[in-house]
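Engineer: Chains as they are written, first to last, in the numbering used here: chain A, 1 to 222; chain B, 1 to 648; chain C, 1 to 316.
Don't take each hint at face value.
[To be verified] In silico contact screen, one side only, chain A against chain C (beta carbon under 7 Å); selected entries:
1) Q9
2) A16
3) A27
4) T56
5) V99
6) T109
7) V110
[Stated by the list, open to error] Pair ranges (Cβ atoms, derived):
8) B:M580 x A:F112: 28 to 38 Å
9) A:L10 x B:K597: 49 to 59 Å
10) B:S576 x C:A32: 40 to 50 Å
I should point out that these hints are in silico values taken from the structure, not numbers from a laboratory.
Here the structure is a predicted model, which means the values were calculated and not measured.
For each residue, glycine too, the CB sits at the ideal point set by N, CA and C.
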Amino acid sequence: MQHTPFDLQLLNACAAILLLLSFAMLAQRRIVALVNLLALQGAMLFIATMLLAWRTGQNHLYVSAALTLGLKVIALPWLLHVLIKRLNVQWDSEPLLNVPGTMLIGLVTVVFSFGLAQPIAELASTATRNSLGIAVAVILLAFITMITRRKAMSQVVGFLSMENGLFFGAMSATYGMPMIVEFGVALDVLVAMLVLGVFFFQIREQFDSLDLHNLESLKEDQ
Amino acid sequence: MVGAVGLLRPHSVALVRRVLFPLGALIGVALAIVAALSLTEPVEQATLHIGLPDLPMHVRLDNLSRVFLALLGSASAGVSLFAAGYFRKGEGTAPGVLGLQYHLFLASMGFVLVADDAYAFMVAWETMALTSYFLVTAQHGIPEIRSAGFLYLLMAHVGAIAILLSFGILQGGTWLFSFDAMRASTLSTPWATAAFLLALFGFGAKAGLLPLHVWLPEAHPAAPSPVSALMSGVMLKTAIYGVLRVTFDLIGDPLWWWGLIPLGLGLATAIFGVVFAAVQTDMKRLLAYSSVENIGVLFTGIGLAIVFHGVGMTELAALALIAVLYHSLNHAFMKSLLFLGTGAVLHATGERNLGRLGGLIHRMPWAAWLTLVGVLAIAGLPPLNGFVSEWLLLQTFLFSHEVPQPFVNMLLPLGAAIVALAAALAGYVMVKFFGIVFLGQPRESSLAAAHDVGGFEKAGLVWLAIGCVLLGLLPRQVIHSLAAATEQLTGAAPNLAGQSWWLLAPLTERDVSYAPLVLLAVIVAVVVATFLIVRVVYRRPVRLAAPWDCGCGRLDPRMQDTAEGFGQPIRHIFVSFFAMERDLPSPHDLAPRYRVKVSDRLWQGAYLPIADLLQRAANSVAWLQQGRISVYLTYSFITLVVLLAVML
Amino acid sequence: MSTVAWLTQFLEVLAALILAPLFLGWVNACRAWLQNRRAPSVLLPYHGIRKLFHKDAVIAASASPLFRVAPYVVFGAMVAAAAVIPSMGTGLPFRSAADAIALVGLLAIARVFMSLAAMDIGTAFGTLGARRDMMIGFLAEPALLMVIFVASLLSATTALPLIAERLVVQPLALYPSLAFTAVAFTMVLLAENARIPVDNPATHLELTMIHEAMLLEYSARHLALMEWAAALKLFNYACIGFALFVPWGASIGSTGIGAMALSLPALLVKLAVAGLWLALLETVSAKLRVFRAPEFMATAFMFAVLGLLVHLLLGA
């Protein structure tokens, strides 16, 4: 086995932990814990970005690291926590269908994305290209998290987790997106979050619950 | 050599089973010894002028045949010994006829293994199918057994057609059907693939590979126990032999991706078989499903061998093949032992339903303890034999990520996870099987009259149990013998030179080793030492008392888990595998009855529609059948006219 | 093999036998502290075993010989397992006899015999415990195997002492795959040793117990052996964890009494930390319903498989 430099190992470890957290989110029932996991994922992303910035010496990565820290580790989780408290859904837990089954689907997804990323990774020139598979996996896992949930809050968490995956993918493939895109995405996420927050209150007012199951009654009957 | 096989046919119909079956056993032993001793000798070929004139049968004895002949001889010897004590009057077919069928069955299996042209092979293969059909339907008075026999015959013939077609492709336009000609002919890739797939289908149908397994859990339990033992233990291995023969010998250089098909099917079969075994309530069906699992493991190994062989990693291919051959041998012994154990129970109690057995270890200690050997072996516990082949297969899997194919190198190691899961589930199944049949309290009062096995039956069980133990304790010697066959098939063999006789270390580039004798010695030493110390230091009396009843004052045998109860976690976890019907009694029911029926989704999803379709197709041409002679003559006349018109 | 090597082998097994109840006592004491209870003596398990050995045995009248043999077999399997696990030194002569797969097999022997013995009496609790234990076992066993596979892919061997040795000798590296397998392994450890959240070792509550239900009919010396074997199992699992994830401190390669003496303090420190960690995990988690247990184990299995995948992707 060839010896990889230590900081790269650290990066790989961060990537792996990101994936681990994605799986934990897939299996987590409680909404509060789900938000905490999201914050933890943000923190991992922050560490990874800092490491990458330090390793490649690209200054703009420091900026995106700071953005990650501010937005994904502090602001959004805080916002979500406030929302949870306001909406009084701290103790909400979702009846998940068959955790092992979901995990199995997740596992298949991981195999798929790893296989998908292998040829792409050959093309990329960055040192972190191996993490690309993990980034794809994180995105798809977040998708599955969203598919299997019924509560609006967990949908949002899934959405944010997907954004984390996208960010990480961009980082490992090309050392981050152009600054302007990054800012734009960050702003988008923030705005989406605020809009969704408003939606939550509306949905609850309408149905007395955040269960998206209720939205089905909105469709027109034939 | 072939004379020895021929000798297996006694022509007597008299009721001399006390002589015939032991004689068959003796010949089996002789066959095994001769085959094993001749393993390193050169290939022998002969032409037999029997059968149709100008169509001689070729026979050939190479190392692959020898390995399987040794398997056939040694395993069937134990079964024959047991059968000598088992068959009695008054159970369907007369014992004399049964003896003839039984030995014809054995002989045809032997002939399958030595046949060297498609004609001889197919004759032997069909004889094998027919004789085993008659054996399955030995108790033809029972309708279920008749329908099981029909299903078996149907699947056997569908498989045989596929094998015949495969041979048809393999001759490669030479129209010579000897195996030598097939070896010599080279096929283009699509044709070779077609031949491989047809062979896989045909032999898979015989072996019970998913989705062609449906006949197996019906037919194997229907047969008398010694026959079930032979079918599960030995006959399924002829299908393994067939796949190996066609893939590695007749086609010669399989493409690597072919391997993925048996690998995937094998893994699915393994999990499927063991999960279904866990929910069975009939002890012989449970064992039949366990056979399905083991077939899955074998096909997994074959697939792995093909992949390794195809990408040029021949040493690993040889190791995977060793695992396959070893497991075939192990399974022949373990499963025969277990089926014979159920045979003993069946004779003693007349009961196959697990829900009416229990506590038989007190009444039938010989049968129970000998079956325990088989149970521990098939559960994959060291130092018995089931563990060795599992160990070899897992070790092979550890190299699968080195296959130079993207994506595949990531998927293959996951197979190890499935194999490990299947092996662990096999432990669950076997604890259920043994615990419910032999342990606990008798669930029916009639069980008190159960009697232990007789002399011949005991001898048969002991023979197979010793086989299990020896195969487990002396892996290096066994592998040394099997290596001759892998050398022939893949051109490589594990390097065992220069190692101690008690150690198994088949891979030179990786430090892995296993020494079952030492392991056993340590466990035995610890057990004996503990026992002595406890005895000497704390010599206190043992008092017998009633078991703790939690103060309720009444312990009923019905409070024990039933077979359904013990399988409940599996039913709960793998719920999507089953098509389930369940009646839960209401709490106010005064005579509550719980009923659960678990069946195979494939049966309803795939087989019944096909059967339905066939039925409809048949009905649609049924108008042809008018029942009047003159109409039939008209058909013949029209056919003749059309043929003449076309030909001229 | 030299006599020194055999001596170290013997001493290591002896140390396992002696330390195992102490470790169990330590975990229980830590748990009590963390839960604001007065802790029992760390030496309590020794007293328990000693007391049991001095009692008259009572056996159910419907027991078969299997019931009496099982404690010895279970104990023997556990001791044999302790002989392959490099708790202090890796230069064990016994290591070529049984690799990590065989080690899993040894643990399976203990489980199968314990379950069979539990079914032998034919009471409702016995079969219930056996069924539940096998249910946990059939998921835990492949998970443990996968954990070991990842480590053996990293070190190109399946012999546990060699795995530990190579992980120490290789230049210090972070293995992301080991992070996954560590999670999986911890879950397997908790489940296999009948700890919270899968089973509660402190109660005999009928509806939830697993391990204790199997031992209900045992008494005196047989129970003592079973309890000792259970302590040994916990110790063995902890040492497997050390060998896979924190192999530092064990004496490598060269064997000798001196090296062993040096690695004993290291082992004690690791055990102390591990015990505290286990107690903490047990304190912060709640007992799962029995039907959640398969989910828990399946998650462990998935994590182990995921570790394998990550290893294949990242090569580390």
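Engineer: Run every hint past the structure and note whether it holds.
Structural biologist: Hint by hint, here is what the structure shows:
| no. | hint | in the structure |
| --- | --- | --- |
| 1 | Q9 | holds, 4 Å |
| 2 | A16 | holds, 3 Å |
| 3 | A27 | holds, 6 Å |
| 4 | T56 | violated, 19 Å |
| 5 | V99 | holds, 5 Å |
| 6 | T109 | violated, 11 Å |
| 7 | V110 | holds, 6 Å |
| 8 | B:M580 x A:F112: 28 to 38 Å | holds, 31 Å |
| 9 | A:L10 x B:K597: 49 to 59 Å | holds, 56 Å |
| 10 | B:S576 x C:A32: 40 to 50 Å | holds, 43 Å |
When the structure is compared with the earlier hints, violations turn up for hints 4 and 6 and for no others.
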